[in-house]
Amino acid sequence: MPGVLPVLNRAAYELGIRAALALHCEIAPFTKFDRKNYFYPDLPKAYQISQFDIPLSRQGWLDVDVAGRALRVRIHRAHLEEDAGKLLHPELREGGDPADDGGGGGGVRAGRAGYSLVDFNRSGVPLLEIVTEPDMRTPEEAYEYLTALKRVLQYSGVSDCDMEKGSLRCDANVSVRPRGSETLGTRTETKNLNSFKFLAKALAHEAARQIKVLEAGGRVVQETRLWDPIAGETRPMRSKEEAHDYRYFPEPDLVPFVITPAEVERIRAALPEMPAERCARFVEQLGLPPKDAEVLTTDRGLAEYFESCVALENAPRAIANWLLGDVRKEMNERHLDIESLPVRPERLVELVRLVEGAQITRLVGKDVLTEMVVSGKDAAAIVREKGLLQIADAASLGPIVDKVLGANAKAVTDYRAGKKAALSSLVGQVMKETRGKANAPLVTRLLQEKLGG
Amino acid sequence: MEMLDLPAHELRDAVAGRRVSAREVAERSLVRIERLDPRLKAFLTLRKDAALRDADALDASIARGEPPGPLAGVPMALKDNLCTRGVRTTCASRILGNFVPTYDATVVEKLRAAGALLVGKTNMDEFAMGSSTENSAFGPTLNPWDVTRVPGGSSGGTTAAVAAGLATAGLGSDTGGSIRQPASLCGVVGLKPTYGRVSRFGLVAFASSLDQIGPITRNVRDAALCLQAIAGPDPRDSTSASVETPDFLRDLEAGAKGLRLGIPKEYFGAGIDPEVASAVEAAIDVLRRAGATTQEVSLPHTDYGIAAYYVVAPAEASSNLARYDGVRYGLRAADTRGLLSMYEETRRQGFGREVSRRIMLGTFALSSGYYDAYYQKALKVRRRIKDDFDAAFGSVDALVCPTSPVPAFKLGEKADDPLQMYLADVFTVCLNMAGLPGISVPCGLAGGKLPIGLQILGRAFDESTVLRVARAYERETDWHSRRPEVAEA
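These protein sequence lines are chains W and S, in that order. In this text, residue positions in the first sequence follow our numbering: the first is 349, and each later residue adds one. In this text, residue positions in the second sequence follow our numbering: the first is 266, and each later residue adds one.
Worth flagging that the hints you see were computed from the coordinates, not collected in a lab. Treat each hint with caution, since some may be false.
To be verified - With beta-carbon atoms standing in for the labels, derived distance ranges: (1) W:Arg583 to S:Asp681: 48 to 56 Å; (2) W:Pro377 to S:Ser633: 49 to 57 Å; (3) W:Gly514 to S:Asp512: 33 to 41 Å.
To be verified - Computed footprint of chain W on chain S; a stretch qualifies when at least three of its residues, placed anywhere within it, have a C-beta under 8 Å from a C-beta of chain W: (4) 364-374; (5) 460-468; (6) 500-511; (7) 573-587; (8) 627-641.
Even glycine gets a Cβ: it sits at the ideal position worked out from N, Cα and C.
Throw the hints in and build the complete structure from the sequences for me.
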């Protein structure tokens, strides 16, 4: 709209610094915005407010785990800019979804309906562009980098990183070179990578395409390509003749700004512990198996839930087992996430204590957990109401064991004939009789005694 | 005395004191516009019914005993690059010929809040690019002192309207002299405030780092009054300065005594009309007699001002005007094939020659391979120009010089020679490059009939001194009370 002026979004600026710090970047003490000029219908001012020569931050890194191998990906820069709108090219047929052109640049070809639509809803929305150095060598490494990046950004509360909503997007550059060569080949940029899976596929396809071109004696052209998920291939989006001269110059409508060390420190101090560091701490200090520690730290909410529990009851391994086993199963079945789980840490800890203190069996504990999720009651109340306390005295169990032995003559014969496996079936029968409340080791011992060793 | 010839502050007091109704004032203004504007062509769009409605509402609020604003009942004209909600805002361009903003510029909101009666939108050089108002897509405005001559530009419409008494005051915008130069050529007062003093939100951008909105009035007190109404920081404009707005009327009558005035020698060089030079020298004598001391100062980079300005301003303009592409609002060329053809035809049909020329100049200056040689270099010159002023203001309180090297020139005289036209701004552009405040006040009549302007330049955010010097001069002379005789068409 003629006459309107941009204003810096303070929240985006703070989140940008937060993300940059989480990626170990240096924050520029002085930064500014620039205009990137080009004509495109999704760009209502015909320039994008971006940062050219003095980005918000640069020179960071992110450690990535690639199948157990550590890879450090260097961050070249992270800068703030505004988003563009989105073009839709309606098709003629009724009810057909308008085709998305993937955004940005290139010649617009209207859909078969003969016209195109622009959705300006995200136009002017701030975004942070994070550019890496060419440090990844395989699609898998790129996939793992993006996974780690997403985790850091979610952790630091910068973005929900929902690719479907467009709050995380990715353009990937790829080049190939002969084995042993030191210099990188000519690269192409691929856009429209709407999922991590597409990223890996597109990179694999594009690398193979480049190798084919080179082996046929051709030359890779530096260009922007579009990933077509239906055809499963990349195709050129902008030809070289359309290469832009963006005529960058300082944005006169926004004043340059100074970021003080105090401000950087304030934001740094508010940063949560990053997943990689937290994972290492879980292994070293709490003695969790690395695999469990990794799963627990993937989601910040889950990690925090876990830590709340451990703070109440110093039983990290037991709590981790519950969380990664039965609690996770309950959440999956009921489509809950850790934030919406009705069982809060103090309640779960009560359950863990009942099981660890042998007041109820682990088997009963599983049912109690289900009941807790469904009814919202606490574990002790459920155990009391349903009489679920463990039966762990020989006097109470003796008659039940006798009854089971009497009713399962075949199993008894088998056992005595040397089929030791028959014992577990008998244990199972006792458990069934006691609705899971019997102390399993005691049952086993009683059975063995009565069966004569 | 004709009501519309009253100074704004007197007219306001008459309306506030219910000696005259706002409706009466609005009607008089509209009648005068109807009578004389067919000749002058100062207005592009009138707010006839709306202005009368506003006047009635104002009268009613005064009758209820509500305190009237500082510009209550003052008919004002707005340059047509100031966005007005529901009122066409064209920038005198075909490309925005049908553009009706959905919002009011900050200054428009503020004028409304102050009680001003906004009578209409005035003609200008297209997108404020020009010094004669001949670059309007809707035809030129004529100078009320001599209708064969230009009123100056680019705020020629507001200036002619105020000079001819069609409105009591108005707003223009000044990117390289567009308030001061027409004020000089039309014998009125034109004030360009410090960059950042007045919000640019709602001003259709020409060159964002240079544009500034300011008042055009018939006396200095009215300029102070209008500035008071529109000044102040605005969260919607990041470049509006977070500085306190002083009371601009406080020191207005403090006189020239004790003030140190600098006379920049570069502003009296070759190309200046001898009558202009002698009128300005006479004006400086008046100020000396009123108690000011004067000394010659040097602004050595003045000569590079025009060249640097014509890189910086078009560069920013090339980017600012890129949004007029036919996609969302304004003109869209009919019967085009494909996107590129729509862009090209819309812009070819929508922009006039001067605007196209500056877009090309600016695009070139920012292009890869030329950026350092042109844009970057121009920014360095701009820095030097600012340093010149800073050095001069180390020893003086204000600078005095001519506004325009020549009085109003003939229509068409420079229209085909862009370079000659650009030189009309030779004494005004440096102030914009430095972001400083300046005013033009009438100081003579060349050949007894064409106004001459005295320019007073000040330190950043020191409009108070600029206004004080201007008022000290005005008190001693009566040039500001000379009015042109405009015959009906």
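These are the hints, each one checked on the structure:
A beta carbon spacing of about 51 Å between W:Arg583 and S:Asp681 agrees with the range 48 to 56 Å that was offered as a hint. Under the hint 49 to 57 Å, the C-beta atoms of W:Pro377 and S:Ser633, about 28 Å apart, miss the expected range. For the hinted restraint 33 to 41 Å between W:Gly514 and S:Asp512, the CB-CB distance of approximately 51 Å leaves it violated. With 5 residues carrying a beta carbon less than 8 Å from a beta carbon of chain W, the stretch 364-374 of chain S meets the three-residue requirement, and the given coverage holds.
With 4 residues having a Cβ less than 8 Å from any Cβ of chain W, the stretch 460-468 of chain S passes the three-residue criterion, so the hint holds. Judged by the Cβ-Cβ criterion of 8 Å, the stretch 500-511 of chain S is covered by chain W as claimed, because 5 of its residues qualify and three suffice. Coverage of the stretch 573-587 of chain S by chain W holds [criterion: at least 3 residues with CB-CB distance below 8 Å; count 5]. With 6 residues bearing a CB less than 8 Å from a CB of chain W, the stretch 627-641 of chain S meets the requirement of three and the coverage assertion stands.
In this structure, the hints that do not hold are numbers 2 and 3, in rising order.
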